[in-house]
Amino acid sequence: MFLDLVQVFDSSFRMATPLLLACLAGLFSERAGIFDIGLEGKMLAAAFLSAAVAAMTGSVWLGLLAGIGASVVMSVVHGLASITFRGDQIISGVAINFLAAGLTVVVSQSWFGQGGRTPQLTGAGRFETLDMPGALQGAEKASANPMMHLYSELVSGHTILVYLALLMVPLSWYVLYRTRFGLRLRAVGENPAAVDTAGVNVVFLRYSAVLICGVLCGIAGAYLATALQAGFVKEMTAGRGFIALAALIFAKWRPWHALYACMLFGFLQALALRPDLIEKYLAIKVQVQLLDALPYILTVVILAGLVGKATPPKAGGQAYVKEN
Amino acid sequence: MKPIPRWADVALIPLVSVAFAAICAALLLLAINEKPIEALMLMIDGTLFRSSGWGFMLYYTTNFIFTGLAVSVAFHAALFNIGGEGQAMLGGLGVALVCLFIPWPHWTLAILGATAGAMLFGAMWAAIPAYLQAKRGSHIVITTIMFNFIAAALLNYLLVNTLKKPGSMDPATDSFPVATHLPTFQDMSALLGFEKMFRGSPANVSFFLALIACVLVWFLIWRTRLGFQIRAFGKSPTAANYAGISPTWIIMIAMVISGALAGMMAVNTTQGEAERLILNFTEGAGFLGIAVALMGRSHPFGVLVAALLFGFLFQGGAELGFWTSIPRELILVIQALVILFVGALDNMVRMLVGQIFASLGYKG
Chain A
0 MFLDLVQVFD SSFRMATPLL LACLAGLFSE RAGIFDIGLE GKMLAAAFLS AAVAAMTGSV
60 WLGLLAGIGA SVVMSVVHGL ASITFRGDQI ISGVAINFLA AGLTVVVSQS WFGQGGRTPQ
120 LTGAGRFETL DMPGALQGAE KASANPMMHL YSELVSGHTI LVYLALLMVP LSWYVLYRTR
180 FGLRLRAVGE NPAAVDTAGV NVVFLRYSAV LICGVLCGIA GAYLATALQA GFVKEMTAGR
240 GFIALAALIF AKWRPWHALY ACMLFGFLQA LALRPDLIEK YLAIKVQVQL LDALPYILTV
300 VILAGLVGKA TPPKAGGQAY VKEN
Chain B
0 MKPIPRWADV ALIPLVSVAF AAICAALLLL AINEKPIEAL MLMIDGTLFR SSGWGFMLYY
60 TTNFIFTGLA VSVAFHAALF NIGGEGQAML GGLGVALVCL FIPWPHWTLA ILGATAGAML
120 FGAMWAAIPA YLQAKRGSHI VITTIMFNFI AAALLNYLLV NTLKKPGSMD PATDSFPVAT
180 HLPTFQDMSA LLGFEKMFRG SPANVSFFLA LIACVLVWFL IWRTRLGFQI RAFGKSPTAA
240 NYAGISPTWI IMIAMVISGA LAGMMAVNTT QGEAERLILN FTEGAGFLGI AVALMGRSHP
300 FGVLVAALLF GFLFQGGAEL GFWTSIPREL ILVIQALVIL FVGALDNMVR MLVGQIFASL
360 GYKG
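Heads up: the sequence lines are chains A and B, in that order.
Each residue of the first sequence is one higher than the last, beginning at 0 in numbering that gives the first Met the number 0.
Each residue of the second sequence is one higher than the last, beginning at 0 in numbering that gives the first Met the number 0.
Isolated chain B (complex conformation) (with noise of 0.2 angstroms):
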């Protein structure tokens, strides 16, 4: 393959891929009859120019930073952590004990308590699967998927049977306390004296517990020494191995941190919006981490920006399916062209690219 300077490895190779992208699904709206450029303008309308569309798109945004982060940190690892769909549905269950069981008295201990829980749970399921990789030689890849099948059976019978609200048919638990209920951005600007903004929406304070995230995520991965030895693993199991460094521990680890950031999503999604534990509360987040890491390059200042964009795409997809006969599965057409093109077809991409900077004489 020929070279490419590190900046468009970094920028112009993801841009490249999402543009492959967008066009494939604009000749798709086109193949159905549909106009591609009104519906994108419609989806920018009615995310960027409305403050409750800002509010539904940072939602799904805190959701994805969240999911994202935790397919990063795996693969920084060089594993493959697909199984954040169940163990987000783990880190649920985890927010709705601790909010139903435990008498709090404000929202900003509530937080804590939901955020360690969904922590513990959703780091959990991620640890049996790792523990298998590690100690069996069982294909992460493979338990993480039958954990997400595992999870959602679990979750279904706990909400049928144990933890439903007495009496009621929804497979529901009872709402939360209203002192656990988080501040929504609507809340918040009301008290700067913005009443009308973000009305409706469901953005909240979990937004912000998102880009700590980020942040201690970066700080992990490239300031401290388990960051070192889990990218050391990543590049070269062996060498790692060599240098001192346990396989086992750091699948372990890496594998728990990944769970507990996948989890941490429910704090938004059930604590923050929905204050209960509903079934599918996760809409498929957790496999939307796959293309936000891949898109983001597993860097959190990536996965930030690939987070805003798929929560423009999941929030216009809404207004899609609501003004338009566009159903929102568009979003999963885009969905599936990311991953696509950032992921599986990177190096049909580097090699178009490489080609075009060769035949601008670049040498490296």
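Next up, chain A with everything else stripped away, as it sits in the complex (with noise of 0.2 angstroms):
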């Protein structure tokens, strides 16, 4: 039993860490006003460049650069619609989920012609897990005490970005709750014409936030097609941009909490790869579709408000007008 929940709950770090860059990206954005709907949109682009730039220089840095820089892209049409033109932030967002959808494919057929995959990426292509000093390998782990075993589990032998996802909470923290810079992105997303009276710059600020957005799913994007992943498949993001949307309501828009909802939605996903272990442990047959469906079933009950009440930024969603 033991062994089994340690390997789910190592299953459960990989499959939260996209979900948490997303999630992480949202916050940044939500709280400076900007809905963004298009999460799925821009790790889905940047899964698909990042692994085809690795698989052509071979470099997986190159190719994060590239998946930072693709979904970088897309959120800088949303900055302009949804900022500099004030339009709908909802529409802006599903275009770019069907953009990338789209280009993905088109793309990626023009270059490998593989059918909308890229080729599949070895080596120095691919983030290689990295041990920790004195974990075990293999089969030493099994007979190993349980705390060594932990260790060497889930504590070593993720990918680098793994262990950067996981830092980006209390860097977040930090950057919103203890920096003047991240004050005045809360203040925006929630009264920014307090914030232009002060002389502070709004378009500025929410861009900022709309571009940090962008690196997190880039990151997020590039983490599914090179480190979970080896190589771009069309699709791949599987609606994980919509969960860790689900997430950041669950966590009603806080960096902390925002860990523990990915954390929870990846264990469910973890869950959902190894319905036996249900089975044989708690000796009922739980449908792998519940487990899907879970994580928004959840957030339907959070946000009907029967568990707590989430309220989003107060202006959340409005294109702000400069008075003249």
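By construction, these hints were calculated from the structure, which means they are not laboratory data.
Treat each hint with caution, since some may be false.
[Said to hold, decoys possible] With a cut-off of at most 30 angstroms between alpha-carbon atoms, the simulated DSSO-like pairs for lysine-lysine come out as follows:
no.	chain 1	residue 1	chain 2	residue 2
1	A	279	B	362
2	B	164	A	284
3	B	164	A	279
4	B	234	B	362
Two chains, each in its own frame: build the complex with the hints.
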């Protein structure tokens, strides 16, 4: 039981990483008053370009940069539509999701001709797992004491992006709650007119938030294609952007809670991969479809205010029109 | 922003936006070493110069009319129903239950029953987010997105476990009884003596159902008290509330109508084409309704025109996928560009057009 549980938790970490990065991305954007339902599309674009560049250059780091670039370009489109031209942020997000879904397949077909996938990534084209000092390998693990086993399986043996994602949580908290930039960013999502009156540039702040969102989504997408899997396949984000959005609401737009929500949803995804374990230990047959739907059901429950109230940033979704 | 004449607002702005989208798509094709003009010719040839091409185009158009109307009705109440996909899935479930478990004597009755089933199930799936929006203030965009995923999981569960044809590996229901099969355009033209028209294409009588829905929605929105209330609420919820229009009632009724319309799409796909309930039968038509409604300016006539355009693009895209190395996902790109220019960048296009009119001396 212990061994199985550790394995599921280990897999939860891997599944939670892209959710967490995308969730924090959405956190920055929405805290600044820009709704972003285009997280999915940005991740997808990043997944494709990172895998494509990593396959062509053989360098996963160049791939990561390219992925971030793709995602940031999408963010700029979203920023132009929703900040500069004061368009509908939801509509812009919908457009970005479709744009990524279409472009990634059209371009990958043209570049690689493999029916919308990139070549398999090998060697330096992928993020390798990092082994912490003293961590045990393979068969040694099973016979080790529980603490050593936990250390070797859970703490050690992930790719660098997993640790980066975890590190982003305190960092995001610090930036949002302990810096002047963060205070202003949150203020601009609650009451942009007041921020403007104080002589702070609303447009600059909102663009910064949208760009940070793009960078984080880019890392999330690159993680999917170059660390979790070895290459891009079409529609590989598989709704993760929306689960991240759900996690963001679940966390009520707070960084530490985002970590908990993403770990929970990551755990559910990891369980969905091993439905046999639930049957083995709980002696009940849980439908995979129920596990798949659970993040969304939980989010609806939270949104309905049945368990606490989720209140989004006040000025979220509204374009700011400067007084003349 | 500079003023523009009304005709330009209604017709020119969508046209300019679509032109922008077309230019971007052409640039993309050039960038991947394809020839945009040839691709367009191929699309026109495979869609408009063959009756079976028309048959496919009108089949897609039927779907897009329903989902486009669904999004439009919600837009009039200032609600963004992004859950057309899920509501259509539930509509398919309604159609399947009605067709499988009621012994229909003739398709004319079966289509009425199936339509009622589709409307009921689609409406039900929209009613929950509507209630949560009206009573609990839950953002309808988020809840309808969540309901799309829940619907997909539900349908998956039902087709894999309970509704699957016994002994079959395929996640689909048994075929519907022959008496429920709808006449296709091929059958209808054969009755008129044109045996070779529309051969092998899926367009069927539910196209006319979609046209009727256009007229009814137009009548509802612009000729009834309820339609006026919906529009008033959409323009200003506070003013409408002050005038004695209940916000809860309008949110509920607009979403229920919207969900019912989205569900009706399943009459075309499930009863008309597949003749059984299959996974993923919606093929993104629920989302495409957003593009159709935006382009059609939420007016049933505009929706019809936009649905025809997207029907053409869908069938043309399939032709491209078949004859060239351009994958049919190009349609997704075009769809995204239309949503972007017609919807999100609307102000940019307006500024541009307004500038042009101002330089021509137009003062409003």
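Practice task
Decide if the proposed pair is consistent with the structure: residue 279 (chain A) and residue 362 (chain B), CA atoms, cutoff 30 angstroms inclusive.
Solution key: violated (76 angstroms)
Handout entry: Holds or violated: residue 234 (chain B) to residue 362 (chain B), with C-alpha atoms at most 30 angstroms apart
Key = holds (26 angstroms)
Exercise for the section: Decide if the proposed pair is consistent with the structure: residue 164 (chain B) and residue 279 (chain A), CA atoms, cutoff 30 angstroms inclusive. Expected result: holds (29 angstroms)
Problem - Restraint check for residue 164 (chain B) with residue 284 (chain A), where alpha carbons must lie at most 30 angstroms apart - result: Satisfied, since the Cα-Cα distance of roughly 22 angstroms is no more than 30 angstroms.
Of the numbered hints stated above, the single one contradicted by the structure is hint 1.
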